[in-house]
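Student: Put together the whole structure using the sequences plus the hints.
If you're matching them up, the sequences are chains G and F in order. Under our numbering, the residue at position 86 of the first sequence is numbered 86, and the numbers go up by one with no gaps. Under our numbering, the residue at position 161 of the second sequence is numbered 161, and the numbers go up by one with no gaps.
Simulated from the structure, these hints should not be mistaken for laboratory data. Note that beta-carbon positions come from the ideal geometry of N, C-alpha and C, so glycine has one too. Mixed in with the good hints, there may be bad ones.
[As the list claims (entries may be wrong)] Sample of chain G residues lacking proximity to chain F, with all beta carbon distances greater than 10 angstroms (derived):
hint: 1; residue: I11
hint: 2; residue: L33
hint: 3; residue: A64
hint: 4; residue: N77
hint: 5; residue: Q152
[What the hints assert, rightly or not] Okay, derived cross-link-like pairs now, BS3-like style, lysine-lysine, Cα gap no bigger than 27 angstroms in a straight line:
hint: 6; chain 1: F; residue 1: K162; chain 2: F; residue 2: K11
hint: 7; chain 1: F; residue 1: K110; chain 2: F; residue 2: K193
hint: 8; chain 1: G; residue 1: K230; chain 2: F; residue 2: K193
hint: 9; chain 1: G; residue 1: K205; chain 2: G; residue 2: K242
hint: 10; chain 1: F; residue 1: K110; chain 2: G; residue 2: K205
hint: 11; chain 1: F; residue 1: K246; chain 2: F; residue 2: K162
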Amino acid sequence: MTDVLTQPRPIRLKGRSFLALALTPELPFADWLRRLDDLAARSAGFFLRRPVVLDVEGLDIDRAELRELVDQLNARNVRVMGIEGARSSLLGPDMPPAMTDGRPAADIEAPEKASAEPVEAAEPVMSAPPVAATPVQTTPSLVVSRPVRSGQSIFFPEGDVTIIGSVASGAEIVAGGSIHIYGPLRGRALAGSTGNASARIFCRKLEAELIAIDGFYKTADDMEPELRGKPGQVWLEGETIKAATLG
Amino acid sequence: MGKVIVVTSGKGGVGKTTSSAALGAALAQNGEKVVVVDFDVGLRNLDLVMGAERRVVYDLVNVIQGEAKLTQALIRDKRLESLYLLPASQTRDKDNLTPEGVEKVIAALKNAFDWVICDSPAGIERGATLAMRHADVAIVVTNPEVSSVRDSDRIIGLLDSKTLKAENGERIEKHLLLTRYDAVRAERGDMLKVDDVLEILSIPLLGIIPESMDVLRASNVGAPVTLADGRSAPALAYFEATRRLKGETLPVTIPGDKRSFLGKIFGRKAA
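Tutor: Below you can see the structure in the form of structure tokens.
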């Protein structure tokens, strides 16, 4: 047999962050598991298909107990993809891998909180690969101090865009954050384009052809005619685009 | 060193060629040396409007391709001896206009003339971008109507990004020439008003040319309107625009004031 792949293509290794649900079990595990069952009973499939990381930081347990806990969770269809805060002696090749340097993210809401505090389902971590925890990040902004003409496109997924001047019919502003226009908006404005539902659009004169926030859009035809030509702001409420006059 | 002016609009049929010829003739009537260059390769009209169609031998493409000297291609106007025309080719493809060739021709013209007026073709393709490329001043010809205004806005965007001046970080001087303006119809709301157009385009106003039969009549006899009938309303408006172009500050009057006054009365009665 001839070895065809004498020069095999290198395997591509890439780092990527994912959002995982971090579970913080408490001792005694039996009680904690009961509360978990309670939560699971109230919302079937809450843990299904969600990557879960077990945070055992500060728990005085041995390897057998941890092994038992993971098995119990597996039995409840909670798939543990990694364990955080465990001494290396607690882990083995038959256990989920260790995870470190998790970065806190926004809380994931547990389905309808019951009287007895259910599981600390919050505190998800960013996992594999570890990212150096960054301090407070400022969002960049872009300021354009001349009119945006028809056919021109301002694309700034990193943050807010401020236009000092008009946005002409046939021009387009795409921002990851909010859009502020100190002039008439006659073209298109697409705010929160990278999935930011809290982004807004502000302008001195609302005559837009199209406005969009986080992918939800409205054309000029769908906009309230009484807002036309007035200073206005546009925001997203649920899945509805709302607009109102300003000032 | 002469000044290079591009007369452009984006949209066709708004009056670029008429305005190029009229402004060229108006400047030349003051004794300044003027050349009007037709960039509309394949659809040349400037020779007709200037009444030189029967004297065209060589054209812009011939000069660029090295088939003729610049002096051979330039046509002197029969009425004004300081007015010249550099015609476009009617038979060649517009791809024959090369950036290097255009640069050479414009540089040579700038040395020999006080004003080089480039009559741009409609659209935003090669011909239009090459016509504006070397301009010091742009005259944006616009009709008081939404599609023309939007196209002009597009052209202003290109003037601010694709011209040599813009690429060097300078701002190209831009002026709005509102043509085919009909005060009665604007008053009635059939046309955009001057203020609406100015608000959208936000560039200084060079002049307002009234819609007039005089323009058509002048084109048909092959004379720029400023030469054919110097006392007609459009001619007077072009003369005023020329003075503003040379730096004078004149208040812009809306031509046909009498008609606009009547229009106001009729407009109210109809409402």
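Student: Which of the listed hints are broken here?
Tutor: Violated hints: 5, 7 and 10; rest satisfied.
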